[in-house]
Amino acid sequence: MGSVSILLLMFCGFAFAALAIGLGNKLSLKRYNPEKGEAYECGMETQGTTWVQFHVGYYLFALVFLLFDVEIAFLYPWAVVFKEIGMVAFIEIVFFVLVLFLGLLYAHKKKALSWM
Amino acid sequence: MNSIYQYFRAIWYGFSSLWKGMMLTGHYLVHPKKILTEQYPENRDTLYIPDRFQGEVVLPHDENNEHLCTGCTICEMNCPNGSIKIITQQVVTPEGKKKKELDKWVYHLGLCTFCGQCIDACPQDAIKMSNAFEHSVYDRKVLTKVLNQPGSKLKSAKK
Amino acid sequence: MTKEELKSYLEKTFPGMTQEENIDFPVLWVEKDQIFEVAKKLKEDEATKFDFLFDETAIDWQTHFEMVYHMTSTTYRHDLEIKVKLEDRDHAELPSVEPLWKAAEMYENEIWDLFGIRFSGHPHLRRIFMSNEWKGYPLRKDYQDDDVISL
Amino acid sequence: METKDIKRDEFVINVGPQHPSTHGVLRLELWLDGEDIIDSKPHLGYIHRGIEKMSEALGYKQFIYLTSRMDYLSAHMNNQACSLAIEKGLQVEAPPRAQVIRVLMAELSRLASHQLWWGALGLDLGAVSPFFYAFREREMILEIFEETCGSRLTMNYITPGGVVNDLHPDFVKKVKKLIEQLKGNLHEYDQLLTGNAILQARTRGVGKLTAEDAISLGCTGPVARASGVKCDVRKLHPYDGYDKVDFEEVLNDKGDNFARYWLRIAEMEQSIRIIEQLIDNIPEGSYREKLKGVVKLPAGEYYQRVETARGELGVYIVSDGKKEPYRVRFRTPNFSNLNALRPMLKGAKIGDMVSMMATLDLIIPDIDR
Amino acid sequence: MQLSISLLEITRAIDSWLNSIFHPHVAFGIELVLAGVAVILLVVAMAVLMVYAERKLAGFMQMRLGPMRVGKYGSMQAIADVMKLLLKECLVPTNSDKMMFKLAPFVVTVVSFMTIVPIAFARGIQLWDINIGVFYITAVSSLSVIGILMAGWSSNNKYSLLGAMRSGAQIVSYELSGGLALIVVVMMSGTLSISGIVQAQADGWWVIKGHIPVIIAFVTFIITSTAELNRAPFDLAEAESELTAGYHTEYSGMQFAMFFLSEYTNMFVLSMVAATVFLGGWMPFHIAGLEGFNHFMDYIPGIVWFFGKTFFILFLIVWFRWTFPRLRIDQLLKLEWKYLLPVSIINVLFAAFIALMGWYL
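Residue numbers (the UniProt record's numbering), protein chains in the order written: chain H, 1 to 116; chain L, 1 to 159; chain E, 1 to 151; chain R, 1 to 369; chain A, 1 to 361.
Please keep in mind that the hints were generated in silico from the structure rather than gathered at the bench.
Note that the structure is a prediction, hence the values are computed from the model and not measured.
You may find that some hints are simply not true.
Stated by the list, open to error - Here are a few chain L residues that face chain A, going by a calculated C-beta distance under 7 angstroms:
no.	residue
1	S17
2	W19
3	G21
4	M22
5	T25
6	L29
7	K34
8	I35
9	L36
For glycine and all other residues, C-beta sits at the position ideal for the given N, C-alpha and C.
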């Protein structure tokens with residue numbers, strides 16, 4: 001069907017969600033109550049703000065991920081043509097992956113991979 | 001070397017222990033006979049309720065509409081929650097004596113915690129616990145019951 | 001130590017303090033200002049080593065309060081009950097034993113909450129069961145609550 | 001800390017009163033840094049019913065039924081503690097048959113309680129199935145209770161002077177069947193959770209409680225025993241003939257979550273052992289020493305300790321000779337065990353909080369009373 | 001000779017019939033509408049079926065019966081759930097970022113729908129046979145984390161935020177070894193297109209042909225897809241005993257249903273990918289050399305093979321969920337960075353070596 005299908009499914013997803021949520025809004029019984037608008041925190045009022053500067057631990061993984069994901073993106077084209085090129089491709093990729101692996105070991109040694 | 005051994009041992013232990021757990025749930029998945037679910041309202045007829053199950057306090061009446069309660073209010077005193085109220089009345093016996101007699105045996109089921117102290121304390125063994133357990137009602141006033149039937153009398157002492 | 005040994009030992013160590021015995025434990029009566037020193041001595045003394053405060057409570061005798069400490073030793077397994085009399089019902093206060101036994105923190109919070117006895121030296125005395133705005137101390141004998149709905 | 005003290009970037013979160021892992025209505029205030037817990041503060045009293053105050057208005061026989069509602073999973077043991085305290089005051093002793101029945105019931109409810117704990121632990125850690133496996137045998141125990149005592153949870157079966165009813169004729173048969181089935185099924189507990197690599201990772205080395213801390217914080221029961229503190233009241237101050245049965249006080253010195261987990265499983269085996277010893281040797285005779293209608297304790301104080309499923313329950317009765325107790329104090333095990341939560345939580349993760357709460361096995365009504 | 005009518009012929013017949021009646025552009029438009037409706041129906045049907053199947057399976061695993069009340073053996077339970085959710089009010093918290101809050105369910109739904117594009121359901125039944133199909137799926141499926149982060153952040157709820165953060169760290173990490181696991185098969189097939197990979201398995205599935213390295217890759221892929229789906233034992237983002245409901249704590253009604261649906265859709269898509277890449281997609285079970293056997297297997301239509309394999313993997317994921325306790329966040333990341341990622345990297349080299357030497361079957 002070609003590239004239109006991506007657009008088609010994007011539209012399908014959007015239309016489906018819009019239809020369902022719209023239908024839900026239409027059918028549901030609405031009774032306004034200010035307590036319904038409060039954030040759920042086990043029945044207590046929220047203390048302080050929620051939108052704070054967040055712990056660095058989560059982002060660290062995102063950074064390491066970024067590095068590795070780029071490398072893996074390089075691996076895909078290699079994987080496709082690997083069998084045609086043969087031994088040379090294999091030796092090259094061994095070096096490439098070795099560098100990747102050393103990077104992982106380095107990150108491990110720097111304790112970037114243990115939760116802080 | 002040892003750390004590498006430990007590394008693979010950890011992987012092996014992880015997989016084998018997780019597999020063991022999956023085998024157990026898998027075992028029950030393929031043994032539907034071991035299912036324990038009781039489908040309650042449908043199985044009402046076959047439901048097993050032990051004889052001693054404390055459902056609610058009842059005042060048994062015999063076929064002559066006679067009960068054993070003398071109206072001594074010991075159960076009322078022994079009830080920790082005040083869920084029993086005995087209302088007595090003065091009657092004149094045929095012999096001309098004045099006598100206290102039970103008028104209404106009021107039982108608040110909503111306050112009862114089924115501790116069984118009243119049954120334990122009753123000197124006449126007039127009341128007992130029944131096995132009824134489906135107590136839900138739409139109006140809480142229904143939960144206040146008068147246990148003695150209208151027109152019932154104290155069972156006359158054995159001759 | 002057996003009960004008798006403990007009694008004679010206490011007599012030696014704390015002369016002038018009244019001793020009693022009830023059905024379960026030997027009882028030592030302590031003045032309220034001395035409670036912390038006595039407790040510290042009992043806890044740290046090699047011969048007694050009362051390192052486990054298993055209960056702390058109060059009794060309202062209408063005219064006065066009585067603080068009751070139950071302690072035991074995990075090494076010697078002897079028990080002791082210490083009692084303190086608090087005359088002033090309106091401003092009852094005595095030293096906290098929280099620095100000795102951390103368990104006392106919650107017990108003393110509870111006593112403050114339900115009896116209104118203050119503990120000086122307690123890190124953060126707060127009402128743990130009742131709300132902060134609650135009036136009165138429920139376990140006192142003269143406590144009255146007009147809002148109670150009788151069923 | 002009050003609300004106004006919160007600094008910027010400090011993340012305060014309320015866990016409870018309406019939270020799936022607090023098993024009731026405990027409220028924990030957590031100060032977080034990302035996933036790590038900096039400090040915590042428990043808030044109690046959401047189901048404070050004033051059982052101590054209520055007891056002052058009720059007779060000696062009557063207030064016992066309130067204690068079933070404290071630690072509802074060890075209702076028998078709570079009743080037993082009160083009954084023993086009153087018996088101590090009245091200078092009576094339950095007949096031998098009643099004592100054996102009491103021990104049997106107490107151990108059965110310990111089994112039931114630990115099974116519920118095991119299931120709830122699985123639920124807290126995210127495994128739903130253990131809950132149902134645990135409830136299979138627990139249901140059998142509750143059925144046994146129901147047949148003999150008339151109720152399933154708050155039994156009010158043990159009373160001063162003995163027990164309320166004699167054993168149901170089927171009791172021995174059913175208990176034997178239960179023991180047989182339980183022995184066959186205990187390995188499922190190990191298969192599903194104990195050996196599980198994820199559970200081991202979640203519990204080992206987490207929530208450490210040293211023996212000194214456990215003593216100082218007043219912990220008792222499995223929590224303290226897992227830290228190596230000998231505190232089993234059944235051994236130290238035997239009551240109701242516990243000195244005549246042969247069982248071990250299970251101890252572990254690791255003090256972490258897994259130690260507490262392992263200890264409860266081991267305790268279940270000990271309970272089975274006690275039941276096995278007694279089930280064939282229930283003495284004949286009366287099951288109840290008949291007391292007067294209105295019990296009056298001589299003036300004085302009576303303290304009785306009992307080992308419930310969660311630790312040491314102390315009942316402290318002060319009597320002034322009237323028909324109501326002057327003051328009743330319950331030293332409940334969970335109240336002291338809760339103390340251990342705060343030091344444990346420091347530096348732990350949110351996920352650890354759940355496993356700690358689960359292995360401490362807190363019953364909130366018992367804390368609040 | 002093909003006894004059964006293949007789906008491909010039906011679609012071709014529809015196509016030529018439409019073209020014979022309408023102008024080609026109109027016919028194409030109608031086909032688009034038909035395809036869209038088919039995809040929506042498929043997603044909804046699978047979700048409804050899976051919800052019911054999961055509850056039943058969970059019930060049986062726990063010695064219960066599962067839903068029994070609505071319809072025969074509770075078969076209408078999922079539909080009743082949908083009806084209930086339809087009638088629920090969609091609440092928006094007062095202090096939330098309302099725009100983002102309302103947008104988040106759309107994002108997750110659109111993303112989960114988009115991943116269906118290159119899936120081959122049967123011979124020729126594929127929306128678009130992209131030449132980089134595997135790559136496309138790995139790229140698009142990781143977009144769902146954006147929706148989750150939007151939902152968690154905009155709710156202005158601490159549980160939601162924590163759940164979203166966890167989910168972000170988790171999905172992002174597990175992307176890596178998932179990608180590496182797919183590379184093993186890509187390498188052996190020499191193509192990135194889904195149909196090419198399926199075609200490469202005509203004489204045997206990769207799990208069988210590729211033996212050790214592909215089996216390792218398969219196991220890794222199952223683990224990572226479970227993690228990417230936020231399902232137990234990796235359901236930290238919505239760990240109910242810790243964060244009540246995680247990033248969708250504040251959502252209700254149909255908005256919540258959209259998260260639920262997209263989670264299930266992602267689940268099918270990843271199971272379908274696993275079934276396609278490792279288990280041969282719609283390819284029947286073939287053993288090289290046994291012609292009679294292969295011929296017999298051909299009689300079973302491809303779509304049955306495909307969905308059979310998909311349901312097998314779905315069953316595995318459900319089985320995990322109802323057996324295991326949950327990991328903690330640091331253990332979860334440790335599992336990825338210290339176990340799965342090194343193992344997958346070494347496995348890629350190992351597989352490359354085996355492919356080079358031609359040691360696979």
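Checklist entry - Looking back at the numbered hints, which does the structure fail to meet, lowest number first? => result 1, 2
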